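**Q** Whenever a hint applies, use it, and build me the whole structure from the sequences.
Residue numbers (numbering that gives the first Met the number 0), protein chains in the order written: chain F, 0 to 102; chain V, 0 to 282; chain B, 0 to 272.
Wrong hints could be hidden among the right ones.
Claimed, not checked - Beyond 10 Å from chain V on every Cβ pair, some chain B residues (computed): (1) A22; (2) Q39; (3) V209; (4) G228.
Unchecked claim - Pair ranges (Cβ atoms, derived): (5) A34/B x S19/V: 52 to 60 Å; (6) Q250/B x R31/V: 25 to 33 Å; (7) D272/V x A127/B: 31 to 39 Å; (8) T80/F x A233/V: 31 to 39 Å; (9) E59/F x Q49/V: 25 to 33 Å; (10) G193/V x T6/F: 55 to 63 Å; (11) A42/F x A203/V: 41 to 49 Å; (12) A203/V x L177/B: 22 to 30 Å.
Said to hold, decoys possible - Some chain V residues close to chain B (C-beta under 10 Å, calculated; not the full set): (13) E32; (14) Q48; (15) I87; (16) A130; (17) R144; (18) L180; (19) P185; (20) T209.
Simulated from the structure, these hints should not be mistaken for lab results.
What you are looking at is a predicted structure, and each value in this text was computed from that prediction instead of being measured.
Every residue gets a Cβ at the ideal spot worked out from N, C-alpha and C, and that includes glycine.
Given next are the chains, with one letter for each unit.
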Amino acid sequence: MEKLEYTFAAGQPAPGRAVTGVVASGDLEVLLEPGQAGSTTVAVQTSVDGYGANWTALLERVLGPGTLPAARIEINDNGATPGVVRMRIEQAFEEQANGGQRP
Amino acid sequence: MTDIDKLLQRDSFIERNARSRAQALLDPGTFRELAGPFERLYSPWLAMQQLVTQADDGVVVAKGLLEGAPTVVLAIEGGFQGGSMGEIGTAKIAGALELAARDNRRGIPTQAVILFETGGVRLQEANLGLAGIAEIQSAIVDLRRYRPVIGVSAGTVGCYGGMSIAAGLCSWLVLTREARLGLNGPQVIEQEAGVAEFDARNRALIWGLTGGAQRAASGLADACVDDDSAAIRATVAGLFARGVPAQHRSERAADYLAALAQADTAVQPAAADVRTVYMKGEA
Amino acid sequence: MMASTHTSRGAMWLRLLTGGAPALHDWPSVRVCDAPLNGQTARWIAVVPDPDNRFPRARNGEVGLVEGWQLAQAVQETIAQDRDAPVKRPIVAVIDVPSQAYGRREEAFGIHQALAGAAGAYAQARLAGHPVIGLIVGLAMSGAFLAHGYQANRLIALDDPGVMVHAMGKASAARVTLRTVEALEKLAEKVPPMAYDIRNFASLGILSQVLQLTNLALPDEQDLALVHGALETALQDILEDRERNLTGRLQGQHRAASRRVRQLLETQWEAAD
Numbered sequence: 000m001e002k003l004e005y006t007f008a009a010g011q012p013a014p015g016r017a018v019t020g021v022v023a024s025g026d027l028e029v030l031l032e033p034g035q036a037g038s039t040t041v042a043v044q045t046s047v048d049g050y051g052a053n054w055t056a057l058l059e060r061v062l063g064p065g066t067l068p069a070a071r072i073e074i075n076d077n078g079a080t081p082g083v084v085r086m087r088i089e090q091a092f093e094e095q096a097n098g099g100q101r102p
Numbered sequence: 000m001t002d003i004d005k006l007l008q009r010d011s012f013i014e015r016n017a018r019s020r021a022q023a024l025l026d027p028g029t030f031r032e033l034a035g036p037f038e039r040l041y042s043p044w045l046a047m048q049q050l051v052t053q054a055d056d057g058v059v060v061a062k063g064l065l066e067g068a069p070t071v072v073l074a075i076e077g078g079f080q081g082g083s084m085g086e087i088g089t090a091k092i093a094g095a096l097e098l099a100a101r102d103n104r105r106g107i108p109t110q111a112v113i114l115f116e117t118g119g120v121r122l123q124e125a126n127l128g129l130a131g132i133a134e135i136q137s138a139i140v141d142l143r144r145y146r147p148v149i150g151v152s153a154g155t156v157g158c159y160g161g162m163s164i165a166a167g168l169c170s171w172l173v174l175t176r177e178a179r180l181g182l183n184g185p186q187v188i189e190q191e192a193g194v195a196e197f198d199a200r201n202r203a204l205i206w207g208l209t210g211g212a213q214r215a216a217s218g219l220a221d222a223c224v225d226d227d228s229a230a231i232r233a234t235v236a237g238l239f240a241r242g243v244p245a246q247h248r249s250e251r252a253a254d255y256l257a258a259l260a261q262a263d264t265a266v267q268p269a270a271a272d273v274r275t276v277y278m279k280g281e282a
Numbered sequence: 000m001m002a003s004t005h006t007s008r009g010a011m012w013l014r015l016l017t018g019g020a021p022a023l024h025d026w027p028s029v030r031v032c033d034a035p036l037n038g039q040t041a042r043w044i045a046v047v048p049d050p051d052n053r054f055p056r057a058r059n060g061e062v063g064l065v066e067g068w069q070l071a072q073a074v075q076e077t078i079a080q081d082r083d084a085p086v087k088r089p090i091v092a093v094i095d096v097p098s099q100a101y102g103r104r105e106e107a108f109g110i111h112q113a114l115a116g117a118a119g120a121y122a123q124a125r126l127a128g129h130p131v132i133g134l135i136v137g138l139a140m141s142g143a144f145l146a147h148g149y150q151a152n153r154l155i156a157l158d159d160p161g162v163m164v165h166a167m168g169k170a171s172a173a174r175v176t177l178r179t180v181e182a183l184e185k186l187a188e189k190v191p192p193m194a195y196d197i198r199n200f201a202s203l204g205i206l207s208q209v210l211q212l213t214n215l216a217l218p219d220e221q222d223l224a225l226v227h228g229a230l231e232t233a234l235q236d237i238l239e240d241r242e243r244n245l246t247g248r249l250q251g252q253h254r255a256a257s258r259r260v261r262q263l264l265e266t267q268w269e270a271a272d
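**A** Quick look at the structure:
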């Protein structure tokens, strides 16, 4: 099991919060909450060791541009493919924008 | 409507995750999750063993209304660790049922639905999972005196282990054809008793004896419903409307002993034998 | 006929503690009798091996279909008999159960429902005001323990390597978690709820007492007095307790998460509108 942490520049704090996905084999859970303005943090817990570079590359692609709202993101991963990871993160941003859950 | 049309219009309950299933059961706009993922109630025991944890520990507690009646839904996430029960998940279920019983003692008729999608005790937490399941069983027996506790198992995990005993304590039990309800999983029986006793790869045997249709036909469940969220919700609502049964299934010891005395135990039973033994004399 | 591989401590302790009181039923594998505890009549129940059980997979003291339902009936009868009595008699579950019965007949006829009958009856007895005490004298495993003893107000265990509480036998647990038995044992050293020995189980705060006897296999007068004393202490404890639920099991250091979850649920139960 490996833990990874990242910080990215971001916009204004996300208005809502959301949870997507399940820690099932080949899937992941994404928790998203409003972050400090200007900064998105990501904490990854993954059952598959040795893929740090892949996580870095993927998160760079999604959050690197810095245009998404500032969020505190936690990822609990159980061997999901990059495609599934990206989908769950985007789902989470979408849900919190659509009113998500009241904090 | 053709079969294909029906299939396309169907809103599969099985394909929904636990949170989504709870949302499907409660009246629109009334779903409110308690002790949810943002409380970060991660299993300390899984973390200790370097295993990835889920923020709600695989159980969703949701309060709301069901056909206008105060209801708490306890939804087990079968996708996480096979729906296995650890300290936190069992505490969520038992704690919520305890509060529902307390509500009733204060004049609020809170009722409960438990969505069983579980293999039983989480072995990485063994004795705390087992103790927690005992506490769930205690809380069901307490609450069911006031309002029904309805169990639902839709699949694909089904309901096994200590939680199958909890399901047996429910006021009413709803299954789908895809669900299985049994104490010991097929692999465990094959390991303990040999493949002749139970071939864990024989799907026809497994569903034939422990599947939802057979359980309902034998009187061990109250309904076998299509895998459709609306149908499941309607069935649950209908059972709540019936109220607490005059006698819970688990209270019918004399009936079951009398029936078992008629069973021919010299041979392995076929599904039809079980139905005959249990439904003889039933209207 | 194969000799039983399970030596029945349950049968022995039931006989010793009740002074050989006669069985109330003609049931080979579930022994029920009345005998005094602290000067009042108590009902004592044990599950014992029946090598001639009609159900071939339940011949070594396992709790099977018949055992589950007979336990249920025995406890239901106790509740019915004392329904109008001002004092509900204590019920003592003498626990020595290696497992539930594993078999095709058992699954086909719904052993889960039989065990629910037993567990539910014990819980109902407790809610009706009967003091229920569980005395673990051997194995207390899995579904069998859920059915017979785990609904007790108080649980007492004897301190001995042969006394174990767990959710699954070591060999099966190892297979299911894809480890060796040795690896599992090593893990159990660091993770108290995974351990098999009674000392580790006691650290979870679920037991009210653990008893040191001089000779578990052949208890002497002193041992018997110790056990009787412990049962009487448990009885007094229950009678003085306003609660007849299982909240007394939540105080241990290793149950902090169980307490936190309940506190959080209670705080959030009423909507903050």
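**Q** All the hints need checking, so say for each whether the structure fits it.
**A** Here is what the structure says about each hint:
For A22/B, the shortest C-beta to C-beta distance to chain V comes to about 17 Å, beyond the 10 Å cut-off, and the non-interface label holds. No beta-carbon of chain V is positioned within 10 Å of the beta-carbon of Q39/B; the least distance is around 25 Å. No Cβ of chain V comes within 10 Å of the Cβ of V209/B; the nearest lies about 15 Å off, and the non-interface call holds. For G228/B, the non-interface assignment is confirmed: its Cβ lies about 26 Å from the closest Cβ of chain V, beyond the 10 Å cut-off.
Judged by the Cβ atoms, the range 52 to 60 Å given for A34/B and S19/V holds: they are separated by roughly 54 Å. Checked against the given bound of 25 to 33 Å, the beta carbons of Q250/B and R31/V, roughly 30 Å apart, stay inside it. Here the CB-CB span from D272/V to A127/B is close to 37 Å, well matched to the stated 31 to 39 Å. Distance hint check: the CB atoms of T80/F and A233/V are about 38 Å apart, consistent with the given range 31 to 39 Å.
Under the hint 25 to 33 Å, the C-beta atoms of E59/F and Q49/V, about 27 Å apart, fit the expected range. Distance hint for G193/V and T6/F: a CB-CB separation of about 57 Å, consistent with the stated range 55 to 63 Å. Here the CB-CB span from A42/F to A203/V is close to 46 Å, well matched to the stated 41 to 49 Å. For A203/V paired with L177/B, a C-beta distance near 28 Å keeps the hint of 22 to 30 Å intact.
Evaluation of the E32/V hint against chain B yields a held restraint, the C-beta minimum of about 9 Å falling below 10 Å. Below 10 Å, beta-carbon pairs count as interface contacts, and Q48/V has one with chain B at about 7 Å; its hint therefore holds. Among the interface hints, the one on I87/V holds; its C-beta lies about 5 Å from the nearest C-beta in chain B, closer than the 10 Å criterion. For the restraint placing A130/V at the interface with chain B, the shortest Cβ-Cβ distance is roughly 5 Å, inside the 10 Å limit, so the hint holds.
The restraint placing R144/V at the interface with chain B holds, with a minimum CB-CB distance near 8 Å, inside the 10 Å limit. Taken as an interface hint, L180/V checks out: its beta carbon lies about 7 Å from the nearest beta carbon of chain B, inside 10 Å. Against a cut-off of 10 Å between C-beta atoms, the interface hint on P185/V holds, since the closest Cβ of chain B lies about 8 Å away. Hint status for T209/V: holds, given a least beta-carbon distance of 6 Å to chain B, under 10 Å.
Figure legend: structure checked against the earlier numbered hints; every hint is met.
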